[in-house]
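Protein sequences, first through last, are from chains A and B.
Under the numbering used here, residue 278 is the last one in the first sequence; the count climbs by one each step, no gaps.
Under the numbering used here, residue 748 is the last one in the second sequence; the count climbs by one each step, no gaps.
Take the hints with a grain of salt, since some may be wrong.
Calculated from the model, a selection of chain A residues having no Cβ within reach of chain B, i.e. all distances over 10 Å [to be verified]:
| # | residue |
| --- | --- |
| 1 | 11 |
| 2 | 77 |
| 3 | 115 |
| 4 | 151 |
| 5 | 157 |
| 6 | 208 |
| 7 | 255 |
Restraint-style ranges between C-beta atoms, simulated for each label pair [claimed, not checked]:
| # | chain 1 | residue 1 | chain 2 | residue 2 | range |
| --- | --- | --- | --- | --- | --- |
| 8 | A | 195 | B | 638 | 15 to 25 Å |
| 9 | A | 147 | B | 638 | 34 to 44 Å |
| 10 | B | 192 | A | 29 | 32 to 42 Å |
| 11 | A | 55 | B | 46 | 18 to 28 Å |
For the record, the hints were derived by calculation from the structure and aren't laboratory data.
Here a beta-carbon is modelled for each residue, glycine too, at the ideal position from N, C-alpha and C.
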Amino acid sequence: MITSPFDFVTARSAEQAVALLGEYGDDAKLLAGGHSLLPMMKVRLAAPAVLVDIGGIDELAYVRLDGDDVAVGATTRHAAVATSAVLREQVPLLAHAAGLVGDPQVRHRGTIGGSLAHADPAADLPVALSALGGRVVVQGPAGRREIGADDFFQGYFTTALAEDELIVEVRLARRPGQGWGYEKFTRRANDWAIVAAATVGGRVSLANMGSQPVRALSTEQALASGSGARDAAALAAEGTRPGEDMHGDAEYRRHLARVLTRRALASAGVAD
Amino acid sequence: MSILGTRVLRTEDPKFMTTGGVYTEDLVDERLTGAVYVTFARSPIAHARINGIDTSAVRDSDGVLAVFTAADVTDTATLRGMTRDINQEMTQTLLASDTVRYVGEPVAIVVTEQAYQGEDAADLIDVDYDPLPAVIDLHDAESDKTLLFPEAGSNTAVRYGPPQLDEHLFDDCEVVVSREIVNQRVAPAPMESRSAAAVWGEDGRLVAWIPNQGAQGTRAALAAMLKVSPDKVRIITPDVGGAFGAKFGADPEHALVAWTARRLGRPVRWSETRYENLMGMTHGRGQLQTVTIGGRRDGTVLAYRLEVLQDCGGYPRIGTLLPSLTLLMTPGTYAFAKVESAARSVVTTTTPMGAYRGAGRPEATAAVERAMDLFAAEIGMDPAEVRRRNLLPAFTEPRNNGFGALYDSGDYATALDRALEAAGYGRLRAEQVERRARGDVKALGIGIACYVEITGAGAESGDPHENATVEVHPDGSATILTGTSPHGQGHGTAWAMLASDELGIPVERITVRHGDTDLIPEGGGTGGSRSLQQGGAAVRQASQELLEVARDRAADELEVDARDLRFDVDRSAFTVAGVQQAAVSLADLAGKERLFVRAVFTAPGATFPFGAHVAVVEVDTETGKVELSRLIAVDDAGTILNPLLADGQRHGGIAQGAAQALLEEVVYDADGNPLTASFADYPFLSATEVPSFELVDMQTPTTYNPLGAKGIGEAGTIGATPAVQNAVVDAVSHLGVRHIDMPTSPQTVWRAIVSASEGNA
Ligand SMILES: Cc1cc2nc3c(=O)[nH]c(=O)nc-3n(C[C@H](O)[C@H](O)[C@H](O)COP(=O)(O)OP(=O)(O)OC[C@H]3O[C@@H](n4cnc5c(N)ncnc54)[C@H](O)[C@@H]3O)c2cc1C
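Generate coordinates for the entire structure from the input sequences, incorporating the hints supplied.
Put into C-alpha cells, the structure is as follows:
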C-alpha cells in the first residue's frame, strides 16, 4: 500500500504538460484527480518514475456553451459536471452519470479527463460519452486534434491518446429536452457498475460488457427500424463479450444488459 | 433521580470527534524514540513447501537493517490447538519454516529505518516455493486427499458431539426436510488494522502497545509465544478502532515484533496494510451446515438435526473451537422433542479462523431459523405460525436446553409477538399477496428470526467474574480501573454512570482506565458481550463497598455512630441525621487517606439474551437485486443501563448481520488465491445500503447480577442475518424458490429464480 519511489512535477498549463511529457517520455504519467492512478500505484500495478500533475491547471476546469456544443475542460471534477446547470439542461445524461461516480470524495477529486483517459470499461463517464457520441479534444506537440468516442476507446484501459498527448476538452452536442436513460447496476451505492446501459437519441452503449464501452448496435438498428423498447432491448447483449468476476458471470451480465437497456429506453421515453 | 437507564451522551465522543484518539500507529512515546519498522514478507501461494529463502538482495535495499527468517527465530513457542482435544500435531511456527498454508502467511521479517522502505525491501526476498495442491473446498478437506499436516494423519482438527447419529431421529415425522446451508466466511475488517510497538527495558521487561480486546489475555498470549514469564510483559492498550472478536489475545505477528525488538535491542513498530489485514487477520464464520428438520403437518416440529463442517483455515486457532458454541445453542428458542448435533473442524489452505461478533452463536441461529422456514414452506404454513407452535413457553427458572446451556429465563413468544406487531405483519403479508397478484417486478419478502444466545460465559479460570477498582480523589473526582477493554462500546460512559449513581460524583469527573497490565494485572477483557454484566457489576460493587469504607471513616471523623450517617448522593457526602451542618464529603475523606476499593464480581453463570427480528426486503425479480427496506428488532438484554449505548450496539450489530446476509464474503479461487483482499473487492456494507432500524424495547432483567443486565453486543449479528436471509427467500418463494445461500448477491438470487422456474428448486 506504499507506492514505488517517483518524482513529481507540476504543470501550470496544457502546453507545459505536453512539454514535460516530451521531456520524460514513457517514464512519465499525468496525474489529475489521482483517484485511479494512485490506487494502482499503491498496489504497484503502476510504477511511473515521474508524475506530471495537471490537477491544478484551472484553465482546464470549465463547462461552457460553444456553438452547438457544450465544452467541458479536462480537469473538471465529477462533482462540477454533476451539478453544472448548463450540463443538466443541455446534456443531462452526462451530469447524471457523473453524479453516480463512486462517493462524494471521489467526485470531488476525480476529473472527466482522467476518467476518459483511464478508460475503465466499467466506468460511468466513458459509457456516457459513447452513448452521447461525444468528442475528445487532445493536445500534443503538434497541436490539437479531435477524436470521436467510437475511435477514442480501444480496449481495456487503452485509448487513442499518444504518449505525449493529453486530453484538454470534451465536446458534446447540445440536446435540451431530448429523452435519455442511464441505468447503472451496482450492489452498493458507491460501487462501479456491474453493468450499465446509457441511451440517448437512438444510441445505446453498455458499460462492463467488454473491454471498452460497447455500442449495442443490434438494439440501435432495431430502434431505427421502428422496434419498440422491449424487442430492441432483447438484442442488447448481441456481440458483447463481457468478462466474469465475483459479481457476475457472462450469462448474468448479458441478462442484465437486456434488462437495463429496456429500462434505460423506457426512461428515454421509447415505448415498449 | 438516578441516571441509570437514561440516555447519557458518550463522554468518549468529543475526543474521537475532535483531536482523535491515539491509536498504536500514531502513538508518540519517549520509550519508542528511534524505533525501527517491521514489514512481513508473506506467502503469495496457498500451499507450498519452502525449499529455501534467499535474502541476499534485500540487504542492499534502502534503509534495511535486518532480515530474519524462521531459521533465526528459534527461541519462540510452537503453536498448537488451544484445547487438548484438537489434534496437537497441527503445529505452527511464528514464521513459516518448511511449509506455507495460506496466502498471507508470514515468511520473513524485514526491518527498516522507515516504514515505507519495508515494502520495497520485502519484494526482494526470494523464496523458493515448491507448490502443493490447495485445499479450499470443505468436503475436499474432509476427504483427506491432500493433507495439510501429514504428521497429523488427517485434516480433521477436532470433532464435537456424539460419535454416532441417531438413525431413528425422524421416524415419527410426517414431513422431513434436509438441506446443506452455507454460512460463509467473512472478514472482521475493523477500521483500525493490526499494529504493534514494542521495546524491552533495561530491567529485561517488555512494554508492548497492541490494539486488543483485553490486555491481560494479550499479555498471556504474547508471553507464551515469546516463552517468557507473563510478569516480564507489560501490555498497554491505546485506543482501539474496532475489533469484533479478532483482536483477542495476540497473533504471531505481534510476538514477532516483540521478538525483533529484543533481538535488535531497540524499539520496533509495525502496522499492517489493509491488504495484509484482509489476508492476515483471522476470519470468521465459515461453516457448511446440514440441517434436517421433521414433524407433523399441523406445524409441530418433532426432530431437528444440525451437522456442522467448520473451516479452520490453515492453522487451528479459535475458529476451530467455535462449532462447540454452535452445538451448545443447537435448539435455540424451540421445544423440539428430539434434537441432535455434531461438528467437525477441518483445516484448509486459507487464512485461519477466529472469533467474529457472535462467534458460533449466529451460526446456530442461522441454521435453525433457516430450517424452520424450510419446514414451514414444506407444509405450507406461515413461518410465524410455525414458530409460535414450537417456541419454548415463557420460563423464569433456569432450564437446561439439553446441550449444556442453562438458559436463565426467557419469553420468546412475547418477543416474537412484539416484533410482528411492530412490523405490521398482517399488513405486510397482505401487501405481498397484492404484489404477487399484480405481477409486480419488485417482490416483497418478510423474514423472521427468533433467537436466544449466550453472553458472559464462564472463563476457563472458573465462574464468570471481573474486577474493578474505584478510587475517590481529594479534588472530588474519581478513577475507575476495569479489567474490561472498551474498543468502541462506551464503557467509559457506562462505568462512570454506575459509580456516579452510587457516589454522587458527576460522570464528567470520573475517569475510566483500562488496558495497562501493570496498573490492572487481572481482567477478562471485552468479548462475548460480558462487560456490563460482569465488569459493570464489579464497578457497582466496588462503589458500594467504597461507601462502606467511607462510612466508617466518616463516623470517626464526625465522632458519631456509623448507623446515624446518611449518604447524601447529591452532595457526595455523609451527613448526620438531624444535624444539617455536620457533613463530610468523600473528597474530604480522600484528602485524609487514600480512598479506594477493589472488588471482584462473580456471576452464577452465563446469561441468555433473546429476541426476534423481522426483516422486510424488496427483490427486483428481473435482476435479483435485494433492497433491505425495514428491519424491526426486539432485543431483550435485560435491564438497559444506557439506551443510547445499547442502541448503538444494536445498530452496528444489525448492520453487520445484514451485511453477511446481503453482501460480505471472503472468496478464494480454486488455487487458494484470495479474491477479496482489498476494499475494492470485499463488499463491506455502508450506511447507504440499510434503512433506519426499528428498535423495539423489551427488558426482562436477569437475576444473575444486580444490574439485571445481559449482553447486547452480538444480538444484531445473531438476529439480523437469518431474518434478512429468510426475507430474501420469502420474497421469491412464490416462484418456487426454497433456499438461497448467503450472501444473497443479485446474481445468486437471479439464478435461484431462473432455476426454480425451470423446475429445480
Ligand atoms: C473508491 C473509488 C470509487 C470509484 N468509483 C467509480 C465509479 O463508480 N464510477 C467511475 O466511473 N469511476 C469510479 N472511480 C474512478 C474515478 O472516477 C476516477 O477519478 C477517474 O476514473 C480517474 O480520474 P482522475 O482525475 O482521478 O485520474 P487520475 O487517477 O489522476 O489518472 C487516471 C489516468 O488518466 C491519465 N490522465 C489523467 N488526466 C488526463 C488527461 N487530461 N489527459 C490524458 N491522460 C490523463 C493518468 O495519467 C492516468 O493514467 C472510483 C474511484 C475510487 C477511488
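Hints versus structure:
Non-interface status of residue 11 of chain A relative to chain B is broken: a Cβ of that chain comes within 10 Å, the nearest being about 8 Å off. Look at residue 77 of chain A: its CB is around 33 Å from the nearest CB on chain B, clear of 10 Å, so calling it non-interface holds up. Chain B leaves residue 115 of chain A outside its interface by the beta-carbon criterion, the shortest separation being 16 Å against a cut-off of 10 Å. Even its closest Cβ contact with chain B, about 34 Å, leaves residue 151 of chain A beyond 10 Å, as expected for a residue assigned away from the interface.
Residue 157 of chain A, annotated as away from the interface, keeps every beta carbon of chain B farther than 10 Å; the closest lies near 30 Å. At roughly 24 Å from the closest C-beta of chain B, the C-beta of residue 208 of chain A stays outside 10 Å, upholding its exclusion from the interface. Not every beta carbon of chain B lies more than 10 Å from that of residue 255 of chain A, the smallest distance being close to 7 Å; the non-interface claim is violated. Between residue 195 of chain A and residue 638 of chain B the C-beta distance comes to about 18 Å, which sits within the given range of 15 to 25 Å.
The hinted window of 34 to 44 Å between residue 147 of chain A and residue 638 of chain B is violated, with their beta carbons roughly 58 Å apart. Evaluation of the 32 to 42 Å hint for residue 192 of chain B and residue 29 of chain A yields a failure: the beta carbon distance comes to about 57 Å. For the pair residue 55 of chain A and residue 46 of chain B, the beta carbons lie near 24 Å from each other, so the given range of 18 to 28 Å is met.
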